[in-house]
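Novice: All chains, please: the whole structure from these sequences, using the hints.
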Amino acid sequence: MEIVLAIFVGVLTGTGVWLTLRARTFDVILGLTLLSYAVNLFIAAMGRMYSARAPIIEAGRAPSLLEYADPLPQALVLTAIVIGFAMTALLIVIALRSRAESGGDHVDGGEQGAPADPAREDQR
Amino acid sequence: MNWPHWIILPVVLPLAAAALILLFGRAHLGLARLISLASTLALLGVALGLVGHAQGGAVEAYLVGNWRAPFGISLVLDRLSALMLLLTAAVGLVALVYSMDDDDRRGAYFHALFQLQLMGLNGAFLTGDLFNLFVFFEVLLSASYGLLLHGGGRARLAAAFHYVSFNLVGSALFLIAVAMLYGLTGTLNMADLAQRVAAAPAENAALIRAAALLLLVVFSVKAALLPLYFWLPDTYGAASAPVAALFAVMTKVGIYAIARVTTLIFGPEAGVAANVAAPWLAALALATLALGSLGALAARRLRVQVAYLVVASAGTLLVGLGLGTQAAVAASLFYLAPSTLVVAGLFLVVDRIAVARGEAADHLRLAPLGTGRAGLGAVFFVLALAAASLPPSANFMGKATLLQAALPSAHPALTWAVVLLAGLGLVVALARTGSLVFWKAPEALHRLSPQLLASGPQRAGIALALLAVLGLAIGAGPLAAYTQATSAQLFARQTYIDAVLGAQPAPPAWTPRVGMDKP
Chain S
180 MEIVLAIFVG VLTGTGVWLT LRARTFDVIL GLTLLSYAVN LFIAAMGRMY SARAPIIEAG
240 RAPSLLEYAD PLPQALVLTA IVIGFAMTAL LIVIALRSRA ESGGDHVDGG EQGAPADPAR
300 EDQR
Chain Y
34 MNWPHWIILP VVLPLAAAAL ILLFGRAHLG LARLISLAST LALLGVALGL VGHAQGGAVE
94 AYLVGNWRAP FGISLVLDRL SALMLLLTAA VGLVALVYSM DDDDRRGAYF HALFQLQLMG
154 LNGAFLTGDL FNLFVFFEVL LSASYGLLLH GGGRARLAAA FHYVSFNLVG SALFLIAVAM
214 LYGLTGTLNM ADLAQRVAAA PAENAALIRA AALLLLVVFS VKAALLPLYF WLPDTYGAAS
274 APVAALFAVM TKVGIYAIAR VTTLIFGPEA GVAANVAAPW LAALALATLA LGSLGALAAR
334 RLRVQVAYLV VASAGTLLVG LGLGTQAAVA ASLFYLAPST LVVAGLFLVV DRIAVARGEA
394 ADHLRLAPLG TGRAGLGAVF FVLALAAASL PPSANFMGKA TLLQAALPSA HPALTWAVVL
454 LAGLGLVVAL ARTGSLVFWK APEALHRLSP QLLASGPQRA GIALALLAVL GLAIGAGPLA
514 AYTQATSAQL FARQTYIDAV LGAQPAPPAW TPRVGMDKP
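Chains as they are written, first to last, in our numbering: chain S, 180 to 303; chain Y, 34 to 552.
Some chain S residues near chain Y, calculated using beta-carbon distances under 10 Å:
id, residue
1, 208
2, 210
3, 211
4, 214
5, 219
6, 223
7, 224
8, 249
9, 251
10, 256
11, 258
12, 265
13, 266
14, 273
15, 276
One side only, chain S facing chain Y, incomplete, derived with CB under 10 Å:
id, residue
16, 207
17, 221
18, 280
19, 287
Simulated from the structure, these hints should not be mistaken for lab results.
Glycine residues also receive a C-beta, built at the ideal position from the N, C-alpha and C atoms.
Specialist: In structure tokens:
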């Protein structure tokens, strides 16, 4: 099970990095989303992998650490998911506005190849 | 402190102000300004009080929710966090006052976002928990995304897309590092982490060192360390002037986090991970400083030139942290406040210069000057002098003590050469700008009225920045004493650990009416 999860996290990270390095805003956003999935799985895995263990005290369970899983990584994952989700939404809005204003979805604004704004060269 | 809740005020106050502004200030800009100004002034007062308290040398832990550390989240006030709080409030006030005539009109929610940004900054400086630090990073970043876009426009959108994506990747790396440390040590409380990393078995050494360096990468994204600073000139060059001024303190969050983590958790006593970041920091900081100086020389826009000053200042600060001795860290911390305030002031002045030059705006080419040759020129001269670390500014003192502290290091000649040559580069860059903009510029046909050049609040904001820079030059003695004590406190990490882990929950102030037990 561990090896499956490790491979899965690796594939997600690799795909995410590759997409993030592309020049289209949509690809970058997808890449960042995959990257955040990989990170979330990684955090969950850092609480170690168990099955059929309760994260909070349950009546009738033996009061032993062998019976319980670590609840903290689960709370961390939840926080990370919420934050990542909100940031992705914001990034989509920026990308859409950028497309509306410059007429292309290149990450630098405008179309691939030609710079959208001739003045941009001058901005440095 | 007889009232323990002072420590959490720098987080709660701007949050409440932001909520009030969103509730009542949406239709009334005047009210929004009033609340924002009141909150920032109150923050300045609280920060002054906290600095006064921290000066005594006590490390104070505030248990949020009255849970004992390391199980609950704790806020920690020591000399370093108090200094950062004061710096944030001061820069915040300068930027806010400047914005209150024109800039805050250009889009909705400026003041609410501004307060949330202050909350995120203050929280990051106060928290004693690594995951909580991540959360406050996100709070300050999400507010900064909004502030960067404030005013709209194509250049800002393009810069914002890069900035947000870059920081999202940074956040992902931060989470990986945090998760690794938690998986290896089972704690996220920084004091507890310091103990457990020091006692970690050798078989975990490689993973802990990897996590430590990953944290360094994440903080370097914020602090603008080579090779992770390329986002900064574009972003700061695109932001509106008061926002860029406030962002000057944002890079210092990264510096703060590096200073905290490299002394507390991965310091000289950290066992398998002792001083893991130091060799990287020392070399990269010198390279950052050199490239910041070259960038300032090569910049074609005045605002981008100031942004490169931020990079150069970050490089200088990290040189001190990279040297890693108590004297060098003290010199760095001394340099921190004046360099931040000077850059914030310069962003504001440059905004006015761009108005005075009309069409040419802040592009570094010969162009007629509408007005303000004497006034703007004098202000620019004073701030540029300080930014280039020439005497009699406090920046000069900071750099001089840093060079002194570098003498016993491994490569003093290299450090001296880079710091001095980079300083020379900044002097040349700023002198060239000054002569191009003020001396060589012909008189414009249409003279700008003084009111159009800078309104009351804008003048007040710039005056406040000037006052702070001059005040730091005069008060350099007390500041030096304070930063030396701060550095000593950072290296006496056991005090910090004992204060946090030994903090006792207060007796409950009230008993809940509804019991938590199951019926």
